[in-house]
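Chains as they are written, first to last, in the working numbering: chain A, 466 to 861; chain B, 3 to 225.
Read the hints as simulated data drawn from the structure, not as lab findings.
We put the beta carbon where it would ideally sit given N, CA and C, even for glycine.
Heads up, a few of these hints could be off.
[Said to hold, decoys possible] Listed below are the simulated DMTMM-like cross-link pairs for lysine to aspartate or glutamate, each with C-alpha atoms no more than 25 angstroms apart in a straight line:
1) K72/B x E800/A
2) K72/B x D46/B
3) K72/B x D100/B
4) K72/B x E625/A
5) K72/B x E27/B
6) K72/B x E573/A
7) K72/B x E845/A
8) K72/B x E782/A
9) K72/B x D550/A
10) K72/B x D836/A
[As the list claims (entries may be wrong)] Residues from chain A that keep clear of chain B, each with C-beta distances beyond 12 angstroms, as calculated:
11) L517
12) A671
13) P784
14) G794
15) R848
16) S850
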Amino acid sequence: MRTMTGAAMFLLTCAGTGDRPLRAQTADLSVEVGGSRVVPPAEVEGDAAGFLVAGLRGSRYTAGGSGGHASLLLGRALDAATGGDFVSGEVGGAAWRRLGGGWSTGLEGRAFGFGVRDPFAYAAGAVEGSAVLRYRGSVLSGRLAGTGGVGRSRVTISTEVQRMRRRALVVEVLEDDLWRWGGTAELLAGRGAVAAGVAGGAHRSAGGTYRSAGLRLVVGAGHGALEARLDAWRTPDGNETTGGIAFYVPWGGWSARGVVGRPEPDPLLLAEPGRGAGGVLLGRRIVGRGPTEADPSALYEVRDDSPAGARVRIHVEAPPGAERVQVLGDFTVWEPVSMQARGGLWTVDLDVPAGTHHFGFLVDGAWYLPDDAPDAVPDEWGRRSATMVVEGEGGS
Amino acid sequence: MRPHMPMIALAFMVATGMRPAVAQETPRARAQSVLPADVFAQVDVAARSAEQDGIPGDILFNKALEGAAKSVPADRLVPAVQSYGVRLREARTAFGPDAGGPLLVAGADALQRGVGANLLRGLGQGRDRSPMAVLVLADLVETGIGDERALSLVREAMQRRAREQQMLDMPAQVRRLMRQGRSAEDAVEQVRRALQRGRGGGVIPPVAPGSEPMTRTRRGTGG
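Bound-form chain B, shown alone:
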């Protein structure tokens, strides 16, 4: 019976469309198999150095793999990994030594998108400085919302325990209102009021009569 179990599991996964995203390989192992040996060696040095500074080395291996996947020439991979390492260290300085890898990646991205290190520090400690908050903050700043206004909106959303989708919707809502002619200030205020009323995430479409749920969710395309 036991030898058949993997086949049963595979058949179930195929039938249900399940697919694990995480390959068995670690980023380091895959980098070793994908990158030229000399490039891998230099990335490995950068990763070990980062680890000594409290930054997970896998983040840098992933950056090198990203470049390889984009067909970037090998000689441009190492400088990119090194400059990424610099931004990760900046993010760590802003967030403090307790920051984990996901937060550091979000912070490095925010710095790349024009968010200042001071603004990242402004997110404070605890739940306020989640990767989602950093991502939304960067998106709002990139949209043209002033730093302090953007920071204030994100902090309010986090304090109100806004859900993930609500958070992600905020920049889109601000952009939509701005496209409709509202100023950035008005748009942020309207989104803030919606948050305060507890309905920042929009509403679900009602469904047709019947004893069972339907719509896209029932068909397996919703949550």
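Next up, chain A with everything else stripped away, as it sits in the complex:
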């Protein structure tokens, strides 16, 4: 059973991959195929189990990150002696509300299930939800979540026994109520493509108390991402160290996502870490559009809004050799504000009031606006200024 729950957790984790839209709209459906391999916990006798996996994954989210997703995966065991064919599915969603100043609050939830028939019948299903408080700044980002969930698992073990002179089949059914409640916290710091930080959590569950603390490293490039985790766990069964790497790589209508490492214990399903797991799912989008590249010439992005205005990240690629870049506009009363260099890009985060604003840049003291700046309006002196519209009260 431990092997099965380990396999379930890995596959459910994979199934949930890619369902956390946070920025723009999404509405797509993908077919996925791949494979996975799960090694049972050290104290469990058995060989590694391998699976061929195929399924569907769809999601629909708003630009604010609210919406839902669903996935269904079918697995075919490569060796009936080590594992069985399975089915797993998940339905989940989130609703977010921005509080302003980089803070957001939200509710996240999911329901998931897993079933396998051989070598013994095992099925588990659960629902869980979280209330989340989130902060995103230019350097720091954090997340505090309170989580609760309930579920049920059922194991059916059939054993042939010799009774008198006849063989009989003894069926034993074990059912467990599953539950957990607790919380997690995470704090990351970083600029540009890389962020690192710490995370931890504590949960009470049907199996006892679980505590964890660990490190995170997140790297992003384009629409792809990679995350490395290392955690120390204190579980009812003892101390464990888990960790691994998860990745997502999209290209065109294709994607690859996967994970390799030692999976984390699950306080709700009571899954133990196992010695290792890994797998890759190759996806092909059949409905919807792929990630839309941001307009490379855009000079700002609204990162958070409030009734009175918005937090805006302003960025510009200055001419080579620029030593000092400043932004100025209506929202600074045309007082220059220094920007920071991040690679070839100069950025700054500002709180901008609602309104229609003109702005531009000083590069080493001289007025500058990129030739391809969108929404540039000619001024009265033969130059151009960029335009920023921040919606909110008094903005019309």
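Go by the hints and put chain B onto chain A.
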């Protein structure tokens, strides 16, 4: 304890990268300190005149400050402020007396970019005539989309409660399709169909496995 609070707030703002854009100074006060006295006096006259016509005077002070920031000679500041005032009045005529400062600025910009006053009037009343709608309309017209087609697309987007980013993406999507060889008409129609399907704003990249969100958003660079 109280004297330490500003330091704590400052430390928090530094740590989190927060920075207010709005200086304590008003545009008028800053103009008074930045501009030569005679220039300020003339801008002040123009601003007061504009205010009598229902146009916030700060808009004109900001225009003068913009010129000063661009190192425009003082003698060219006042005529520019006055001609800007004329465009703001045109925009107010097009939008009506209820139009606020942000809408008037967007309208004056649209007029400067070649959008006719009749087209601005065509945006109608209420939500249809938000500054964002005016900005996108001007961008579409500048891209070479016909006036009526551009107006129709913007009105449809607003009626469908398109989000801010969706609105801003529309002209870029039209330009991208035109670069791919589509005619302006086809490009607008494709963007319109995407709007009707409710996915005009593109999609978010999925993220890697794990219990927490990641990608650029998690690193603090997204919304």
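Worksheet item: When you check the alpha-carbon spacing of K72/B and D550/A, does it fall within 25 angstroms?
Response: 70 angstroms, violated
Discussion item. Need the status of pair K72/B, E625/A: alpha-carbon distance at most 25 angstroms?
Written reply: 90 angstroms, violated
Item to complete: Compute the least Cβ-Cβ separation between G794/A and chain B, then decide whether it is above 12 angstroms.
Response: Nearest chain B Cβ is 8 angstroms from G794/A, so the label is violated.
Item to complete: Measure nothing beyond the straight line between the CA atoms of K72/B and E782/A; if it is 25 angstroms or shorter, mark the hint as holding.
Response: Holds: K72/B and E782/A sit about 19 angstroms apart, inside 25 angstroms.
Worksheet item: Going by Cβ atoms, does P784/A stay more than 12 angstroms from chain B at every point?
Response: Consistent with the label, P784/A stays out of reach of chain B, its closest Cβ about 17 angstroms off (over 12 angstroms).
Discussion item. Check the hint pairing K72/B with E27/B against an upper bound of 25 angstroms on the C-alpha distance.
Written reply: Holds: K72/B and E27/B sit about 19 angstroms apart, inside 25 angstroms.
Worksheet entry | Holds or violated: K72/B to D46/B, with C-alpha atoms at most 25 angstroms apart | Judged against 25 angstroms, a Cα distance of about 20 angstroms means the pair holds.
Fill in: 25 angstroms Cα cutoff - pair K72/B, E845/A
Given pair K72/B, E845/A holds - Cα atoms ~11 angstroms apart, limit 25 angstroms.
Worksheet item: Is the nearest Cβ of chain B still more than 12 angstroms from the Cβ of A671/A?
Response: It holds; A671/A is separated from chain B by about 19 angstroms at its closest Cβ, greater than 12 angstroms.
Discussion item. Against the 25 angstroms threshold, does the CA-CA distance of K72/B and D836/A hold or violate the hint?
Written reply: This hinted pair holds, its Cα atoms lying about 17 angstroms apart.
Discussion item. Can you confirm whether the C-alpha distance between K72/B and E573/A stays at or below 25 angstroms?
Written reply: 49 angstroms, violated
Worksheet item: Would the least Cβ to Cβ distance between S850/A and chain B come out above 12 angstroms?
Response: With a cut-off of 12 angstroms, S850/A comes too close to chain B, as the shortest Cβ separation is near 7 angstroms.
Violated hints for the displayed structure, listed by number in ascending order: 3, 4, 6, 9, 14, 15, 16.
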